[in-house]
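Peer 1: Sequence:
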Amino acid sequence: MTESGSSTPDGTDPVRSFNEASDGESAEVADPPRAPFGVRVPAAGADGTEQTLLQQMGGVSGLAYSAVPIVVFVVANSLVGMVPAIWIAVASSLLLAVVRIVRKEPLQPAISGVLGVAVCSFIAYRTGDAKGFFLLGIWTSLLYGGVFLASMLVRWPLVGVVWSLLNGQGFRWRHQREAMIGYDLATLAWTVVFVAKFVVQQWLYAADETGWLAVARIAMSYPLTALALLVTVWAIRRAGKVAERVERDGGTASPGSVSGSGDVATPRPGSGV
Numbered sequence: 016m017t018e019s020g021s022s023t024p025d026g027t028d029p030v031r032s033f034n035e036a037s038d039g040e041s042a043e044v045a046d047p048p049r050a051p052f053g054v055r056v057p058a059a060g061a062d063g064t065e066q067t068l069l070q071q072m073g074g075v076s077g078l079a080y081s082a083v084p085i086v087v088f089v090v091a092n093s094l095v096g097m098v099p100a101i102w103i104a105v106a107s108s109l110l111l112a113v114v115r116i117v118r119k120e121p122l123q124p125a126i127s128g129v130l131g132v133a134v135c136s137f138i139a140y141r142t143g144d145a146k147g148f149f150l151l152g153i154w155t156s157l158l159y160g161g162v163f164l165a166s167m168l169v170r171w172p173l174v175g176v177v178w179s180l181l182n183g184q185g186f187r188w189r190h191q192r193e194a195m196i197g198y199d200l201a202t203l204a205w206t207v208v209f210v211a212k213f214v215v216q217q218w219l220y221a222a223d224e225t226g227w228l229a230v231a232r233i234a235m236s237y238p239l240t241a242l243a244l245l246v247t248v249w250a251i252r253r254a255g256k257v258a259e260r261v262e263r264d265g266g267t268a269s270p271g272s273v274s275g276s277g278d279v280a281t282p283r284p285g286s287g288v
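Be aware that the sequence shown starts at 16, since it is given in my numbering, and climbs by one per residue.
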């Protein structure tokens, strides 16, 4: 008896081939979507749900981890002096790093925390004053604020530049006025955050208010950063929507575009250009 419909002349099973093709299509569909202009879908947590902004910043535990060494240093300094306070602060950062490792949390924030406390403690020791513990953060804020401000002045807003480099999407947004405005506002938000940190904490440093320096360091850290991140997310989504509209309209840039980036907008068909 001859077999019918079980295989093709080349010996392959048509049913199996169809199933494999279907599985391949399903796998392609299952891939997470990617919005135009490199705007990726928010990262998902272990349970498949989208992470909130707080979770991406380390969650409530991340807020506590960053604040504990600062509080420990200030309290210990007032009780037992600066040098013991330095060792206690470093020990507390190491202990928190061990806790992170035991809880299988990301290791990079733990390492950064230990290094940061160690450098701040070293500066305090070299200056011979407990308020020196905050010098690194003060002058780093001034540096970052200056860089963000300069990027706006030369019409290369740093938020847009960094996002484009991370996603490899080029700098077409510099030809799109609405996207450019969004990235300018996001960069301005970061500029305000860093300048505000510098002004307030430098004033407290000059007034020898070590305790209030700790309060300002903690209070101005995550809340202001969260606000700047919200503006950044808004700017990225705005740029994605602008890119969608430009692509839909034939690739033309909006009026008021910035020249000199090296990316030339595609003219509309039939425009005579």
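Just so you know, the hints here were simulated from the structure itself, not pulled from any lab data. Certain hints may be false.
Unchecked claim - Simulated DEER-style distance windows between Cβ atoms:
| # | residue 1 | residue 2 | range |
| --- | --- | --- | --- |
| 1 | E259 | V117 | 44 to 54 Å |
| 2 | L158 | E224 | 39 to 49 Å |
| 3 | L157 | V113 | 28 to 38 Å |
| 4 | L94 | V134 | 44 to 54 Å |
| 5 | F186 | R118 | 39 to 49 Å |
| 6 | G226 | E262 | 51 to 61 Å |
No experiment lies behind these values; they were computed from the predicted model shown. The beta carbon of each residue, even a glycine, is placed where N, CA and C say it ideally should be.
Peer 1: A separate judgement is required for each hint: does it hold in the structure or not?
Peer 2: Do the hints match the structure? See the list:
1. E259 / V117: 44 to 54 Å: For V117 against E259, whose Cβ atoms are near 45 Å apart, the range 44 to 54 Å holds.
2. L158 / E224: 39 to 49 Å: 23 Å, violated
3. L157 / V113: 28 to 38 Å: This hint holds: roughly 33 Å between Cβ atoms.
4. L94 / V134: 44 to 54 Å: 23 Å, violated
5. F186 / R118: 39 to 49 Å: At roughly 41 Å between Cβ atoms, R118 and F186 fall inside 39 to 49 Å, so the hint holds.
6. G226 / E262: 51 to 61 Å: 55 Å, holds
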